[in-house]
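**Q** Chains as they are written, first to last, in our numbering: chain A, 905 to 1388; chain B, 2 to 196; chain C, 2 to 99; chain D, 12 to 520.
Think of the hints as simulated: they come from the structure by calculation, not from any bench. The beta-carbon is built from N, C-alpha and C at its ideal position, and this holds for glycine as well. Do not take every clue at face value.
[Said to hold, decoys possible] Capping the alpha-carbon separation at 20 angstroms, the derived lysine-lysine pairs in PhoX-like fashion look like this:
(1) D:K117 / A:K1270
(2) D:K214 / D:K120
(3) A:K1270 / D:K120
[To be verified] The following label-pair restraints were derived from C-beta to C-beta distances:
(4) A:F1361 / B:T125: 34 to 44 angstroms
(5) A:P1372 / D:K230: 43 to 53 angstroms
(6) B:T126 / A:A1382: 51 to 61 angstroms
[Said to hold, decoys possible] Calculated from the model, a selection of chain A residues having no Cβ within reach of chain C, i.e. all distances over 12 angstroms:
(7) A923
(8) S960
(9) T1000
(10) M1039
(11) P1040
(12) S1075
(13) K1270
Listed below, chain by chain, are the residues.
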Amino acid sequence: MSQWIQLFALEFAVVAIAALVLLWDAFAPRTGRAVGWITALLLGGVLAASFFVDGSGAAPHGVFVRDAWVVFHERLFLAAGILGVLGSIDWLAMRTPKRQAEYYALLLFSLAGMMLLAGARDWILLVVCFELMSMPLYVLCAYGKQDGPASEPKLAAEAGLKLFVTGAASSGLTLFGLALVVGMTGTSHIGPIVTGGPVGSGPAPLTIVGMLFVLAGFGFKVGAVPFHMWVPDTYQGAPTPFVAFLSVAPKAAGLATLAIVLLGGWSASSSVWLPALLVIAGASMVVGNFFALPQTDARRLLGYSGIAQIGYALLAIATQSRGGLAMTLFFVATYVFTNLGVFFVLHAAAEEGGGHTLARIAGLSKRSPWLGGALLVFLLSLAGIPFVAGFWAKLFVFMEAWNAGLVTLVVLGVALAVVGLYYYLTVARSTYMADGDRSTPVRTGFALGAAIVVCLFFVVGLGLWPKPLVEAANHAAAGIVSGR
Amino acid sequence: MTLLFVLALVVTAIAAVMVVAAKNLVRAVMALALMLLGTAVLYALLEAPFLAGVQVLTYVGGVVTLMIFGVMVTRRHEGANAPAERIHGFRGLVVAAGMFALLAWAVVASDLERGATPIVKPETTRSLATALLDDHLVAFEVVSLLLLAALIGAVVLARRRDGRDEGSAILAAASREAIDAQQAPAGSAHGGDAR
Amino acid sequence: MNLTHCLLLASFLFCVGVYGLLTRRQAVAVLLALELMMNAANLAFVAFAHFRGGPGQLFVVFALAITVAEVAIGLALVMLLYRRHDDTALDRASETQG
Amino acid sequence: MSHLLAWIVAAPAIAAAVLLVLPASARLPIRVVSLIGAVVACAGSVLVALTYDRVAGGMQMPDDWALVPSLGIHLKLAVDGWGVALLLLTGVIIVTGVLASWGVEKRGKEFFLLLLVLVSGVFGVFVSQDLFVFFLFYEIAVLPMYLLIGIWGASHDVPKRGPFGFAWKRFAVGGKEYAAMKLTLMLLVGSAAILVAMFLLWKEAGGTSFDLAHLEQTKFSLATQNWAFPLLWLGFGTLAGVFPFHTWSPDGHASAPTAVSMLHAGVLMKLGAFGVMRVGMVLCPDAAANWAWLVGGVAVINVLYGALCAASQTDLKYIIAYSSVSHMGIVMLGAATLTTTGWNGAVYQMFAHGIMTGLFFALVGLVYERAHTRAIAKMGGFGHVMPAVACFFTLACLSSLGLPGTAGFVAEFLVFLGAAEGAHSWWAVPAVIGAVVTAVYVLRACKTIFWGPPPTGEFAHLTDARSTEWAAPIVLGAALILFGFWPRFLLDFIDVASHTFLARIAPFS
């Protein structure tokens, strides 16, 4: 039993916080910001504890393995969770003061799912964790159903349903694919595909189809082309503080899963999935970047930009090298902080300006220079401009991909990065050069401001000094891919 | 035996088509029930009696009931300004047919019958339970969390702003099903807290 | 009665579900289509478990729990949408601009 | 003094950081801090010029910090002869630029902040000896331009006509935001090309180091060179205004505020030419020789086309901007000759043109601030009301057309000489024709605006330069004459570096 506690200490803690928050709210309902702050602080405690608890080990039968890979992801998810909570505190206290606890509890459940996901080495556990991660997200998406600026349609419920339908459909796709793969290989362990046939013969057609189905299922989850349709709609409809979380943590978890499955389990069968992965990565970069161009709603724009970013991350996974995987982690980690920051600033501006369209956030930098500057930094990081974290992320990914011989995709990616710069700059243009109809400073709540500052710190800090994260990522990736 | 199998197979297939073809949603749900029953029969024939039982209990007994409930509650309105029933009909057909062609080709091309050895020791309910609570205990616990999360989520969604619990009927049903399906004491314990 | 037949049936059910998913506009109908897909996966699991062994049945136990949870959430969302719009057509959600 | 180069690069950045914490209302402190940052950097540059050992040559005053050791990225600074000349140029331009923009009122804090960051990047490019860090600084120098032009730029008051005239109204083509976006995107496309070429070279050199010295010792295969060189030429060349990728430059320079135009035309375009020579030609010597015909041919087009375009403009800033395109053609022409004389001329032209165009834009800004128009047809006889401005403007014009005794003469003469010596001696002919056309349009513009009957009406009461506005004309004008009569001072630096680098292209020198 003690071994279990040691192995799952952090996950236990997260679930316990969820229970605590629910109970506290049930017996002592509060309408202030206390619930959120307590959640954030306790999560911070868990994050701090993750540096002291040595939980490495494996559950019986190898269904769950805790190594550097898992530790890296747990910390990343916890950080995203803390920031997600911080970013929501002011909004929740204002909009639904009587119903805050469930929001945090659901977010924590999702967080627990993600944290477990990183260590799952068994299909059953993986699928179940994936659902534990996804299910609360459907609900949270529709949380602020009557919410949002007056000028915009209230789309939260639709966004939730849309996310649910795509999520459930992708679960179905994954499950069916798994039925074929697990059935053909006869084991639920995530490992090499045993062909069963004579030596040298590849997997049976049915196994191949199953693998592709599984890949497609995960493609839905991370929002890669051609499974991306839900992304812009959901981002536009769901409450913005939640979209910030939705746009980073589940995607990071999805990419982690893809890495576990493709590089950890199916690495020997890369001839099956690699072409598909490359096509998906290339298509995501192209579609994401070009469809973002005509957008006028900042959330939709960021949705498409997120699709493009996923394309870059998949490109790094496609290198199949330890270095490439490490750079995926670096990319994802910087993306987490950058995208959270972008959405938080956008949320602050939209609350005050009455909408998320580029016209509504016009003049932001004149009204609040710091907020405008933060937004600019985040946008530049997304665009991959030097001395912010996103630059190193893109650069490392491209370098690893170039090393792995994916020259065409690298050239495509570099060219598309310029397209990306264009639409990121259109956002910057509307905040810096256009004149809005208001001139009072944008006020952010303390929690939201703190979240933005933390994001800013990491984006700039990692931009100036990327070495620690590079090393951590390299260390973590060694748990999945050995060798170079 | 074979006859029963063929019968179940045909009934399941036809019922499935009816589920997506029926204009009337109540009929579609009924067809779903039929299909689920057909599948349950197939489970039984495939030596999975426990699953057949669970299928009948949770699916036919629970999910279908829930669906009917959903149809009834949301039904008032179809008719007058009901939108066109289908979209992208042709595109959907092409995708589905293409997918089926791919799958059917893969199934046939994989030559599954050659070298397949009959199972010596069929999986019994007992071995299933052992696997559930031994090898996959972690997953089992996670599922209880999942059901708890779903429960809280359903409460959150169904509860009205003004506090009236219109959706509590759905919830009650949902939670019962959830708990039945897992027979997880953890689930009900947590469920109690959530209320 | 062999594995090929069972898998063909499962594939058929799955594809019918996909068709329904892609073409139906009523949210409840979409849920029904999702049920078809999940059920198809379960059938394939059980068939494999019977003819080839392996953890298929165990998988189904978990899949059932997942399905039930999904139905609960899905129906709650449908009802929410219905209360909001008095309409459960799905594509109002996509006031897409591209 | 240790770490002198690092201090030069850091001084403007530190000043920018100080600005960050100053309140936006502190008008004077903001300007003083900016000026201090600029002066420190400029003084450092002068110190470098004085302490650099001209006889020994090569890389001097090295500094080295590991930035990302796993990829072999080092913050490695050192300066060569070319670098000395260009550091001096940058130092002079930024000091005068800060003084020239003393009167910027709109969001002054952010303006000076961005300006200083940009200059930091420029200094960094000229002294970095690591290709990657070179690229980083290059990006820093390019990017602030977007905001500088987009926020503080001026939209055009000269309406566009002709078949595409509708576009000016419909899409705000020609507006400052259009110019800013066009400039940024074109330069960033160039950066993408540079990045790809960098990877090519890095990979072939073993994938362990971006150190320029290391890369110079690597013998790249001809295939790699033939890919990398055109990419570098187009990438850096976009910033140098190489035809047909020069189109951002007239729009950008015409829209930019005074100091930004000075910096951009005066210094930033040199970054491009410097990149082509320092990185492209030095690292890919064989390909440089192979492609010289194209580089030189396009440069000739630049010279002629730029001059003809300038001759047909009616907007004063556009005239200067197109003349920059023409003069940068002379730089590229000198580079393409692959001779010591030609390269000396090219670098000298970078310096001379930087000073001259800085002077031009400073004066144009001064005139524009008073007259509120840049249409030369409306102006006339300004010499009567602003004699000093008129004199300095005429001086710049004379340098522009290459009058002996000005810095422009030395540069152009060297380039033409180099062209005549080189493999394609006919290049000298159209280049000289271009110089003649330049004489026609600069003199015409100068005569129209400053000389003639005294102005009447709204222009009758314009005033001459005042207080800080004197700085740019005096310093830059003096430099033009000084380096026209005493070219040896700079040429000693330049020559020693040109010899070293050209040794790599031995068969052609």
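**Q** Does each hint fit the structure? Answer for all of them.
**A** The hints, checked one at a time:
1. D:K117 / A:K1270: 11 angstroms, holds
2. D:K214 / D:K120: Given pair D:K214, D:K120 is violated - Cα atoms ~43 angstroms apart, limit 20 angstroms.
3. A:K1270 / D:K120: With a Cα-Cα distance of about 12 angstroms, the restraint between A:K1270 and D:K120 holds, given a limit of 20 angstroms.
4. A:F1361 / B:T125: 34 to 44 angstroms: 58 angstroms, violated
5. A:P1372 / D:K230: 43 to 53 angstroms: For A:P1372 and D:K230 the Cβ distance comes to about 37 angstroms; the hint is violated.
6. B:T126 / A:A1382: 51 to 61 angstroms: For B:T126 and A:A1382 the Cβ distance comes to about 42 angstroms; the hint is violated.
7. A923: 18 angstroms, holds
8. S960: The claim stands: A:S960 keeps its Cβ more than 12 angstroms from every Cβ of chain C (closest is about 27 angstroms).
9. T1000: The assertion about A:T1000 holds, with a minimum of 14 angstroms to chain C.
10. M1039: 6 angstroms, violated
11. P1040: Label violated. Min Cβ-Cβ 9 angstroms, cutoff 12 angstroms.
12. S1075: Given that some Cβ of chain C is not farther than 12 angstroms from that of A:S1075, nearest at about 7 angstroms, it is violated.
13. K1270: 28 angstroms, holds
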